[in-house]
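For the sequence shown, this note's numbering begins at 116 and goes up steadily by one.
Hints are computed from structural coordinates only; laboratory data are not their basis. Treat each hint with caution, since some may be false.
Stated by the list, open to error - DEER-style ranges, computed between Cβ atoms: (1) Val-370 <-> Ser-333: 34 to 42 Å; (2) Glu-218 <-> Ser-576: 42 to 50 Å; (3) Lys-324 <-> Ala-128: 53 to 61 Å; (4) Thr-182 <-> Glu-323: 38 to 46 Å.
Unchecked claim - With a straight-line cut-off of 20 Å between C-alpha atoms, the simulated EDC-like cross-links for lysine to aspartate or glutamate are: (5) Lys-411 <-> Glu-294; (6) Lys-117 <-> Glu-453; (7) Lys-508 <-> Asp-526; (8) Lys-502 <-> Glu-432; (9) Lys-592 <-> Asp-570; (10) Lys-502 <-> Asp-594; (11) Lys-464 <-> Glu-419; (12) Lys-200 <-> Glu-419; (13) Lys-508 <-> Asp-555; (14) Lys-422 <-> Asp-194; (15) Lys-580 <-> Glu-519; (16) Lys-297 <-> Glu-338; (17) Lys-118 <-> Glu-218; (18) Lys-580 <-> Asp-555; (19) Lys-580 <-> Asp-570; (20) Lys-122 <-> Asp-240; (21) Lys-122 <-> Asp-194; (22) Lys-335 <-> Glu-323.
Glycine residues also receive a C-beta, built at the ideal position from the N, C-alpha and C atoms.
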Amino acid sequence: MKKSYLKALPLMAIALLSGIATAVVEGLLNLHIKDIIDVAFYRNGEGFMGEVVIISLLATGVLVTNTILSVLKGFYRRDANLRLKKDYLQRVFRKNINEFNNESSARYVSNITNDMNTIDTNFIDALFELSLAFASFFVFAVIIAGVSGRILFLIIGLTLVMGILSSVVSKPLKKLFGERSKLYEAYTTYTSEVLNAFRIVRANNLYEKVTEDFGKRSRKLQEKSFQIDKYSTYIYAFQNGTMTLVFMGIIATSVYYAIKGEITLGGVILIVNNSERMMRPLQMAGELYPKIISSKPLFRSLEESLKNTSENIETDEIDEFKGTIEIEKASFSYGENEVFMDLDLSFRKGGKYLVVGPSGGGKSTLLRLLRKYFYVDGGDILVDGMKLKSIRKDSWFRRIANVEQRIFIFDDSLRNNLTLYREADSDAIESAASAAGLTDFIVNLPEGLDTVLEDNGRNISGGEKGRIALARALLSKSDILLLDEAFASLDYNTARDIERTILMIEDLTVINVSHVVIDENKSLYDDIIRISGKGASSLLERAGVLQ
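Go ahead and model the full structure; you've got the sequences and the hints to work with.
Set out below in structure tokens:
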């Protein structure tokens, strides 16, 4: 993640240069304010109007440079945040599918919202402000050195002591920020679960239970935020107190040297005005450095959420499925739950296969293995002689089309939901929609293919979502079609017609896992395979089993 942030550093450097320019102009302005005071008190006003003109020009310059600084800082923060969020999302989609499914999606939501917002405030913005403050420190140090070197060293010494003390008392903030990040993650996960279970909560009168649990979690999170705010207030009060004492000491010392005649009245005012600018970076260091350090656990948490615990080296490409898929002595388990052992199966190009069997027998697991969601524990899956696990995912995914039990509908037009944002001509869309039984549905929509489907398809039925998924698969022009209970939400006649249309497509390899066996279409399958924990068997070789 930090590598993405580093790409925003050029913009940060440009913004800092504008900040340094602002500090230089402000420094020159302070020097001329010193001069105009000295002109008034020591030279009877000689050259007063000239100083007024210069001060007016410099004040305008401060306004201009500050405006430029604000704009450039905004560009820097925007660029840094966009890079971090884009990189995070890209890497989320490089996670192994099985590992992603094993974790709550709320964790990723919390990371990209709560944690990213904290990083923006406590790292991206804080690092810039601290860098700018220290750049300004050197500018104003040079200005004060021109008036009195001894006072400059006094200011540096006192502010160093103040900065060290502030840093020490700020250390506990790092721990508190880390604890709050974990609470945010748990809070987001729980909120997501409650909203997803809305119907269950309503139907079973679980309001009191949910409200009580939600209240406890909210209270715990707010108490942690209160702890952070309370401790931050103590630190702020301590810093202000020490800064006031230091400031009073600097004023007293400056007045002492003025009485001795070593500096002018204008010099005293310049030192008083600019000493705060010199102390501010070290004060900010005490406040911002703990925040910057507290971002480390957040970056670590983001990185850990993106790691794949099992890395598989993929080197092979597959441009076309030409021959067979061979499953040889394959075994697979979910933890200690064994799904199958020594599974042997073969699927040839263009073949049509119906896979049946008891629930939990491994039918859907077979498809997950073919989709590369998981890898076999033992044995092999070979595609045209290549090990499936060595074929690059992006290459393999171009060869297969999926219709899964859980269908996601984008909040977008029906057209984009069918094409999945790929180019497709109208004839191809019409043909796929017809084959999936969507023609009448499209005709009755107010804007046809351009009708927007809302919020994961809440404005359409489950059967319509199923037909959209089928049309997507047909539009992909893939070599292999993997169907997982694709016809479960359709009425018998519609399912029969769509299944027949799919099975009549030449050269398309179809592997259909289904509890729905349509008698009229059985003859169109090359094999009907029964899978159970004991293995697989062909039902076509055992006459009468399905009759």
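Here is how each hint holds up against the structure:
no. : hint                            : verdict
1   : Val-370 <-> Ser-333: 34 to 42 Å : violated, 54 Å
2   : Glu-218 <-> Ser-576: 42 to 50 Å : violated, 31 Å
3   : Lys-324 <-> Ala-128: 53 to 61 Å : holds, 54 Å
4   : Thr-182 <-> Glu-323: 38 to 46 Å : violated, 55 Å
5   : Lys-411 <-> Glu-294             : holds, 13 Å
6   : Lys-117 <-> Glu-453             : violated, 41 Å
7   : Lys-508 <-> Asp-526             : violated, 26 Å
8   : Lys-502 <-> Glu-432             : holds, 11 Å
9   : Lys-592 <-> Asp-570             : violated, 27 Å
10  : Lys-502 <-> Asp-594             : holds, 18 Å
11  : Lys-464 <-> Glu-419             : violated, 41 Å
12  : Lys-200 <-> Glu-419             : holds, 15 Å
13  : Lys-508 <-> Asp-555             : violated, 36 Å
14  : Lys-422 <-> Asp-194             : violated, 25 Å
15  : Lys-580 <-> Glu-519             : holds, 11 Å
16  : Lys-297 <-> Glu-338             : holds, 14 Å
17  : Lys-118 <-> Glu-218             : violated, 25 Å
18  : Lys-580 <-> Asp-555             : holds, 14 Å
19  : Lys-580 <-> Asp-570             : holds, 12 Å
20  : Lys-122 <-> Asp-240             : holds, 15 Å
21  : Lys-122 <-> Asp-194             : holds, 9 Å
22  : Lys-335 <-> Glu-323             : holds, 18 Å
Against the hints set out earlier in the document, violations occur for numbers 1, 2, 4, 6, 7, 9, 11, 13, 14 and 17.
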